[in-house]
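Input sequences plus hints: build the corresponding full structure.
Protein chains: 2
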Amino acid sequence: MAQETVNVIFQPSGRRGKVPKGCNIIEASRLIGVDIEALCGEKKVCGKCIVRVEEGHFEKYNIQSSMDHVTPWQEELEAKFINAEDREKGFRLGCVANIEEDILVFVPEESRAGKQVVSKAARDINIDFDPAIKLYTIKLKKPDFEDKVGDWERLCNGLTREYGLTGLTLDILTLRTLPGALRAKDWVVTVSVWNDKEVIRIQPGKVKHAYGIAIDVGTTTCAGYLCDLTTMEVISTSSLMNPQCKYGEDVMARITFHMTTPGGLKRMSDDIIEGINSLIKKAIAQTHPEKKKIRKKKGQEGSDGPDEYREIIEEGAEYLRINKEDIEDVTIGFNTAMHHILLGLDPEPVGLAPFPPVIHHSLDIKARDLCIDINPSSYIFAMPNEAGFVGGDNVGVLLAEEPYKSDEIQLIIDIGTNGELILGNRHKLYSSSCATGPAMEGAQLAFGMRAAPGAIERIEIDPETQDVDYRVIGHDKSRKFSKPEDMKAKGICGSGILDVLAELYRSGVITKTGVFNKKALKQNPRFRKNPDTRQPEFVLAWKEDSSIGKDIVITQKDVRQIQLAKGALYAGCKLMMKRMGIKKVDTVKIAGAFGTHVDREKALIMGLFPDCEIEKIHGVGNAAGDGCRAALLNRKKRDEANWCARNVQYLELTVEPTFEHDFMEAMQMPHMTDEFPHLEGVVPDHVLHQGPKGPVKPEVKN
Amino acid sequence: MAQETVNVIFQPSGRRGKVPKGCNIIEASRLIGVDIEALCGEKKVCGKCIVRVEEGHFEKYNIQSSMDHVTPWQEELEAKFINAEDREKGFRLGCVANIEEDILVFVPEESRAGKQVVSKAARDINIDFDPAIKLYTIKLKKPDFEDKVGDWERLCNGLTREYGLTGLTLDILTLRTLPGALRAKDWVVTVSVWNDKEVIRIQPGKVKHAYGIAIDVGTTTCAGYLCDLTTMEVISTSSLMNPQCKYGEDVMARITFHMTTPGGLKRMSDDIIEGINSLIKKAIAQTHPEKKKIRKKKGQEGSDGPDEYREIIEEGAEYLRINKEDIEDVTIGFNTAMHHILLGLDPEPVGLAPFPPVIHHSLDIKARDLCIDINPSSYIFAMPNEAGFVGGDNVGVLLAEEPYKSDEIQLIIDIGTNGELILGNRHKLYSSSCATGPAMEGAQLAFGMRAAPGAIERIEIDPETQDVDYRVIGHDKSRKFSKPEDMKAKGICGSGILDVLAELYRSGVITKTGVFNKKALKQNPRFRKNPDTRQPEFVLAWKEDSSIGKDIVITQKDVRQIQLAKGALYAGCKLMMKRMGIKKVDTVKIAGAFGTHVDREKALIMGLFPDCEIEKIHGVGNAAGDGCRAALLNRKKRDEANWCARNVQYLELTVEPTFEHDFMEAMQMPHMTDEFPHLEGVVPDHVLHQGPKGPVKPEVKN
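If you're matching them up, the sequences are chains R and W in order. For the first sequence, our numbering begins at 433 and goes up steadily by one. For the second sequence, our numbering begins at 433 and goes up steadily by one.
Since the hints were derived computationally from the structure, they do not count as laboratory data. Among the clues, some could well be false.
Put simply, identical chains are the same to the list, so a pair is met inside one copy or across any two.
[Claimed, not checked] Straight-line distance between alpha carbons at most 25 Å, and here's what the computed SDA-like set of lysine to any residue pairs gives: (1) 617 x 786; (2) 698 x 805; (3) 629 x 793; (4) 698 x 615; (5) 951 x 500; (6) 566 x 913; (7) 798 x 778; (8) 951 x 515; (9) 521 x 718; (10) 617 x 776; (11) 453 x 562; (12) 580 x 793; (13) 574 x 784; (14) 798 x 609; (15) 580 x 778; (16) 756 x 801; (17) 475 x 578; (18) 580 x 867; (19) 798 x 630; (20) 798 x 808; (21) 574 x 780; (22) 638 x 778; (23) 571 x 793; (24) 580 x 1010; (25) 1068 x 600.
Pasting the structure below:
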């Protein structure tokens, strides 16, 4: 018997489709292609996927929708996120309500997965020129009865004679192009040789340029750097959201999705491969001049590639026009879970103690074996993994920053969806990973969101009045200089979170233990108890400033979430320093999109990492992507990557005996001038010297 | 606009279908899956594809068929093959008549491409045990926090420790199976290692056997030898017709098909790949016991492979049950054109002087890249090519016979659809190829056919009466001891051809120059002029003995065709001997199915090769296939193959200055006792000493 289906329509997009009866609204949204926030990966804990099931007959769609068409309300799961009034209106958690009959669903703006503002531009870093792909042009003698050796041996003999290349191989796809290429331009060809050993492309005539792309696959965002492998130039950059976000926000949610969903691994793998292909497409599209500017010069001589690859504008200047086949090399850096999921490797062991990856070593995989749409005989270089929670992205950071070549002791913090730490210098290197949770990226907070328009990214709180001024992404003036209706605030993004906490602390709204300072806030209307949850909260933006018709607040629970994250980071740093036997680091580098936007002073105020001179704190941008690019342009960096992956000592923080104690202590806001000498003058004395140090009891429940 | 189609029904099979209007009957037969002989590859010269277009309304199929529904008669092309009477009946050449409207076509038995009797059993040859695939079973320690190294590195460390294996790699498909395999049987796995460098399969638990298949892809037939790579046993053999036969009988016809048909190369490649997959399927099916004998023992312990691979019969004895994934290695030998077509390499250069192949060297190609349906990470070893007309099949013959290790001078003749020659010993080796044409395999003769039931394979002609006795394939008694209606003669196959010519000569029916001896045949009703062609012909089997309602004859033109073939072979041998500076060979080896069936004495009578003691003439069966099997079981043979391919000197006979003269001379039947001392006593004196030696004028026109 065929599976029973029901009709579902999503508003405001109007997308509609048939889905299997009994599936939940999130599953239906995926099937129909509507993006709803599902940060926890349907574990029913994040409360982000609130939707409204509409009541009534909708003429336009000829559909009778009713709240009764989904499975009943589940008090223990939904009451935490939806109050009685909203419940009456038909609000439900999308991951809880299963569809029994036709429905029309409204997705409120807050629940829509917005397109994130990805900021992963390429930085200038020093890379020695030694790409894995090198081009060799050669003219061969035509065969005759005196010399009737076969095409491939003829080519090899020529390459040995002219360039000293020996022992070359090639695959069947390249071989198929050989006889045609040799005969197309009078036995002149350009071959692309990979790592001095395999011919991966043969083009007729003389070709001067080859291209490659370095890709950084993050849990949330992906970035691609299209490079000329002959000049080392970055030709274009492109980025996109990791399409797997719909399966869950963090790596554990993705692993859970794989473990609980038959075919889940394949779906996630296919999605990210498709994403990478679109990333590549976007990167090369930028090299195509607009059609109208182009007039093809017929019979143009001396062009340095197949005709279709080069088009000429009217003035005669040559335009780049890169096609997907022109991409001859790819390097990819990712954390271990993303690595495993992209490559179709079971990520389950990575999620279970002692978290062994399926493989540490880098892999060279034929593009076609991964369905990555470039020159099909080319290889994809997958960066090596350090450990289950520290992958090739961390190796990329190492390659870009090279702490192993430095005398200074560097602390490198890469805050993505997971926090990754590197500590050391040329003598010794440690890495570790800490579960900062998604709070640092704005998730799992009452009004957390990704760095998309409407996200609060900068905040200032007056220490006298505790009044708030702020800025949002997508609007270029602060609240103070704007009309309320222009702000369209929607939530708080990652880089805003730190600001919020630092300002709450500096202005005295919260104390060093992270609780709201009731005394100071007694007269302040921004401070109140939420009528539903009975939790204290502080209003950052009033309803009239927002695009979601609600006050945007930070709750006591939110503060705790951020404290947990910053505590994990700080405790991790301290444990590594202890293991290394040092009291102080020379430099702090903050990598990741977070590092680009974070205010160094506020990071210090919050105690995100151990004390350091503010001048020695640097944002290093997308260092993981830079490392990937280094590996693309210099193959020795690939060996270095494998060396790093096996020689950096990974510390599993959670098994360190003092971790729990250190972690709780680190949840406090910094207050001791001996530990944070550089805070002096930045944080007012009365705040800084609130009292003695001591652990914070993590009283937060889910 | 959609393409217009017409209905076609083929009788007697009754197969029907729609085909594009305007295609010819042969094209239609391919689309519908009816095999019609098309030896010349639709060059409209072989006249094999005669079919009858029926007239009238056919109730059963609700079709109105008419001779007028195909394009008009073409006198210059069709009159050669179809007389006026048959033309009236609706007979046409299938490759000439294009279908304009619905038709019903009758395919006479003579035009049906019969299933050939393939005789390519494995011979006992000495092969040293050194397969490319070796199995290693290992028990690993489970990961814990003390030792949390990844799965692959854990496996490699174990293999280094226990077996000294280092530097191993693996591909992404194998890697995907790793975590599951390690955990399935308590960290005991068996890995298959290819050439000491790549892990191509990982199976849980202890596995004792691995399998491979050696495949000989001939122009006409293919054979597979399924071997146990751990015991070297041949487990089963299978064979099939090369499915490309429908595109033309010989390599030039196939190359022409590629050059004249868009997508022709892909079609031929896909067909042979599909053929190989069915060959493999047949070979492994023989290892599956009949279902009814099987009862699966539940919870059986200690089996040496995954449960599904082993089934147990009731008495408890273990049965082999090989699945396609258990095939872990494949070697393929083929001539250069078959090599190119199978691998999708442009075969055109191989058909044009100076005939350079696309590649000489052997290739290791991932099975999945060729869509060969075995363990997907395994490699297909494609034997190397010597030259455009001498390929890996000839290398296979070399590997099996090893003339390069012998002091004796060996002449090895491999008569397939092409004739390939090897001459030499440990000091010097020559190879060459000669266009024997398909006559030696029964094609392009008036009643030539493949070695299928009804084919005359042995013949004797009484030297006194010139009366004929013969045997056909599929009937175990000679004509003398049979009723005429039991013979069901249909034509003459390859091994019968030599018999016919030798007997015609020995019995004095033809003279040494190959013309019918009119004096001797004056009174013989078997000798006559064909009323249509005015060509002399000799009846081998009367109409009442045949299943096609016609006398089966050998014509003067047929005799010339065979003379051309044998002349080419003989002249080739003599030229090679001249080049080598020798007058006599020590041994003659005849390879190929032909060699298995040929009567050594008659081959000598015909002068197929230079004189040799009859005891030193050996049939060596399918030596090409044996060589392929040697390469499967001993990887040093693969290096030897590449050595052979580059060190055997290929002689291009057609460019030798004396070739044409030698060739014409060699078309004569042998008569000189000084050149053929061993003919003395075998051929009657009056025949042998007919007169002085001299070239035969090749008066045969197409």
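Against the structure, the hints come out as follows:
Only between protomers do residue 617 and residue 786 lie at most 25 Å apart by alpha-carbon distance; the minimum there is 19 Å, versus 58 Å within a single protomer. For a Cα distance limit of 25 Å, the shortest separation of residue 698 from residue 805 qualifies both inside one copy, at 18 Å, and across copies, at 22 Å. In this assembly of identical chains, residue 629 and residue 793 lie within 25 Å of each other by CA distance both inside one copy and across copies; the values are 20 Å within and 16 Å between. Within a single copy, residue 698 and residue 615 get their C-alpha atoms only as close as 42 Å, which misses the 25 Å cut-off; across copies the closest is 20 Å, which meets it.
Taking identical chains as interchangeable, the C-alpha atoms of residue 951 and residue 500 are never at most 25 Å apart, the minima being 47 Å within one chain and 107 Å between chains. In the homo-oligomer, the alpha carbons of residue 566 and residue 913 never lie at most 25 Å apart, since the shortest distance is 56 Å inside one protomer and 76 Å across protomers. Proximity of residue 798 to residue 778 under the C-alpha cut-off of 25 Å is found in both arrangements, the shortest distances being 20 Å within a copy and 23 Å between copies. For the homomeric pair residue 951 and residue 515, neither the shortest alpha-carbon distance inside one copy (29 Å) nor that between copies (118 Å) is at most 25 Å.
Taking the shortest alpha-carbon separations for residue 521 and residue 718, neither the intra-copy value of 47 Å nor the inter-copy value of 68 Å comes in at or below 25 Å. Within a single copy, residue 617 and residue 776 get their C-alpha atoms only as close as 41 Å, which misses the 25 Å cut-off; across copies the closest is 22 Å, which meets it. Proximity of residue 453 to residue 562 under the C-alpha cut-off of 25 Å is found in neither arrangement, the shortest distances being 57 Å within a copy and 59 Å between copies. Taking the closest pair of Cα atoms, residue 580 and residue 793 come within 25 Å of each other only across two copies (14 Å); inside a single copy the shortest separation is 44 Å, beyond that limit.
Only between protomers do residue 574 and residue 784 lie at most 25 Å apart by alpha-carbon distance; the minimum there is 13 Å, versus 61 Å within a single protomer. With identical chains, the CA atoms of residue 798 and residue 609 are at most 25 Å apart both within one copy (17 Å) and between copies (18 Å). Taking the shortest Cα distances, residue 580 and residue 778 sit within 25 Å of each other only across copies (17 Å), while inside one copy they are farther apart (51 Å). Taking the shortest alpha-carbon separations for residue 756 and residue 801, both the intra-copy value of 16 Å and the inter-copy value of 21 Å come in at or below 25 Å.
When the C-alpha separation of residue 475 and residue 578 is checked against a cutoff of 25 Å, the pair qualifies neither within a copy, at 74 Å, nor between copies, at 32 Å. In this assembly of identical chains, residue 580 and residue 867 lie within 25 Å of each other by CA distance solely across copies; the values are 19 Å between and 66 Å within a copy. In the homo-oligomer, the alpha carbons of residue 798 and residue 630 lie at most 25 Å apart both inside one protomer (12 Å) and across protomers (15 Å), since each shortest distance falls under that limit. Taking the shortest Cα distances, residue 798 and residue 808 sit within 25 Å of each other both inside one copy (7 Å) and across copies (14 Å).
Proximity of residue 574 to residue 780 under the C-alpha cut-off of 25 Å is restricted to the inter-copy arrangement: shortest distance 15 Å between copies versus 57 Å within a copy. Only between protomers do residue 638 and residue 778 lie at most 25 Å apart by alpha-carbon distance; the minimum there is 23 Å, versus 44 Å within a single protomer. Only between protomers do residue 571 and residue 793 lie at most 25 Å apart by alpha-carbon distance; the minimum there is 21 Å, versus 39 Å within a single protomer. For the identical chains of this complex, residue 580 and residue 1010 are inter-copy neighbours only, at 22 Å across copies versus 71 Å inside a copy, given an alpha-carbon limit of 25 Å.
Both within a single protomer and between protomers do residue 1068 and residue 600 lie at most 25 Å apart by alpha-carbon distance, with minima of 20 Å and 20 Å respectively.
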